[in-house]
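Taken in order, these protein sequences are the chains called A and B.
Taking the working numbering, the leading residue of the first sequence gets 1, the next gets one more, and so forth.
Taking the working numbering, the leading residue of the second sequence gets 288, the next gets one more, and so forth.
Hints listed in this document are in silico derivations from the structure and should not be mistaken for laboratory results.
One should not assume that every hint holds.
[As the list claims (entries may be wrong)] For the chain B half of the interface with chain A, some residues (derived, Cβ under 10 Å), not all of them:
{"no.": "1", "residue": "E302"}
{"no.": "2", "residue": "E306"}
{"no.": "3", "residue": "G329"}
[As the list claims (entries may be wrong)] Chain A regions said to be covered by chain B (calculated; three or more residues, Cβ under 8 Å):
{"no.": "4", "stretch": "22-31"}
{"no.": "5", "stretch": "44-57"}
Each residue gets a CB set at the ideal place from its N, CA and C atoms; glycine is no exception.
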Amino acid sequence: MQYLAPEKTADAVKLLAKSKGQVHLLAGGSDLLVRMKGGYIEPDVIIDIKRIKPMQDIKKTATGFNIGAAVSCAQMGDHKALRRAWPGVVEAANLIGSDQIQGRCTVAGNLCNASPAADSVPALIAAKAVAIVKGPKGTRRVPVENFATAPGKTCLKKGEIVESIQLPKRAAKMADAYLRFIPRTEMDIAVVSAAVNLTLGPRGVITAARVALGAVAPTAILIPEANKILKGDKLTEESLESLAEVCSAACKPINDKRGTIDFRTHVAGVLATRAARLAYTRAGGKL
Amino acid sequence: MSVLVNSTINGDQYEFVCEPDETLLDALRDRVGMTGVKEGCGTGDCGACSITLDGALVCSCLVLGAEAEGRKIETVEGMSDGDKLHPLQTKFLEHAALQCGVCTPGFLIAAKALLEKNPDPSEEQVRYALAGNLCRCTGYDKIVRAVLAAAKQMRKA
Chain A
1 MQYLAPEKTA DAVKLLAKSK GQVHLLAGGS DLLVRMKGGY IEPDVIIDIK RIKPMQDIKK
61 TATGFNIGAA VSCAQMGDHK ALRRAWPGVV EAANLIGSDQ IQGRCTVAGN LCNASPAADS
121 VPALIAAKAV AIVKGPKGTR RVPVENFATA PGKTCLKKGE IVESIQLPKR AAKMADAYLR
181 FIPRTEMDIA VVSAAVNLTL GPRGVITAAR VALGAVAPTA ILIPEANKIL KGDKLTEESL
241 ESLAEVCSAA CKPINDKRGT IDFRTHVAGV LATRAARLAY TRAGGKL
Chain B
288 MSVLVNSTIN GDQYEFVCEP DETLLDALRD RVGMTGVKEG CGTGDCGACS ITLDGALVCS
348 CLVLGAEAEG RKIETVEGMS DGDKLHPLQT KFLEHAALQC GVCTPGFLIA AKALLEKNPD
408 PSEEQVRYAL AGNLCRCTGY DKIVRAVLAA AKQMRKA
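Assemble the whole structure, with the sequences as input and the hints as a guide.
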C-alpha cells in the first residue's frame, strides 16, 4: 500500500484520477481505518487530505461559513461563531462518537461515508449546506440532500473530492436544531433523527422552514412539504401535528432489532416536532 | 514501501520507520517502545490507545503511523514529571481506580485532556468526557471520583 499526503487540492485530484487499484481518501479515518482493520477493504493507495491548507480551517465568509473537508468535529465544537450561527449543525456533528472520535471525524467524511444514519447529514440538509466538489473537470456545487444516492454510495465521480462544506449566512431570526433517538445516552448510532431549520419574520411568523430526517430511508431525506405546512404562521399545535404526519409519511425505514418500522416511523414525527420547537425558541419565537 | 516518520513524542524527537498501512498505535508500541499505549478493540470504541496528537485527544488505532510526520504526540509515558506522578495518576492510586490496568493509560490521557479544557467539571461532564473509554473491571465509579479529586487538587495548585 502507498500512503500519499498531497498539499494541494489539485494534486489530490490528480492522484485520485491516476492511481490504480483500490484508492481511498483519508480525512479523519474513523470509518476508513475501521473498515481496513475489519478486512472489508484493502487499499492500494491512501490519499490523506489533512495536509491540504484550504481543507484545514473553518472560515467565516461573506456568504456564511466554509468548513474544510479535513476539519474535525471537535474543531467545529470549539468554534464560537459557528456554534452561535448553526447550533443544530454543531450539536449534530458533536454527537458523533466519543471525544476521541470527535478529535478525528469530519462532517465531509460523514457525508462521503453515506450512512443513512449519519448524524451531521440531516442537520446539514436542513441548513441548506452545499458540498464543494473538485474534480478533473473543475468545481461543482452539490446540495447536501443530493449527495448520497444510496447507503454507502455518493454522487462523486472518479477523481472527485469534497474540498469543503459551505453553510449559508444565518439570517436575523433563524435557528436550527438536531435531535436523535438512541437506546442509550451516548456513543451510539441514530435509530431515528430529525433536523429543523426555521426562519422567522415579525411576530414569530415562520417565513421559511427546512426539515430533514435521518435513519428512516436509504439516505437522509429533505421533507419539502414541511415548508408548506409551517410557512406563514406561528408554530401551533395544528401545524406541529401536520409536520409529524408528513414526516412519518415520508419514512421508508429498515426493520431491525434497534428499531422496528412502526417505531422509527412514529418517532420521526415526534422528533421533528420537538426539534421544531427547539429551533423556533432559538430563533426567538415564543411557544 | 516503508515510511520514515519524524515526530515529537512527549517532548523528545523520535524517528521511526513503519509500514504505510500500520496504525500509529502499532508504531508507538512496536517501533518506539511506548507500550503504555494499549490495544483494546482496535476500532476506536474502547479508548485504551488514547493519545493526544497536536493537542487533540484521539484513538491511536484510528491514525496511521505515517500521519504522525511532524506532529506532536503525548502518551502516558510523558505524564509524570520524572518520579513525581501527575495528580491524576496519584488520585487513581489513592481511589483504587484501576484493577487490571489495561484501560488506565487511556483514561489518564482522556481525563488530562478534559481537565485542560475544563478544570472544574461536574460529575456528569466527567462521565460524558470519558464515555469513549471502556473499563471492564472497576465499573467507572472510582475512576470518576479519582478524576474529580485530581481536578480539585489541581485547581488548588
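Find the hints from earlier in the document that the structure breaks and name them by number, from lowest to highest. 1
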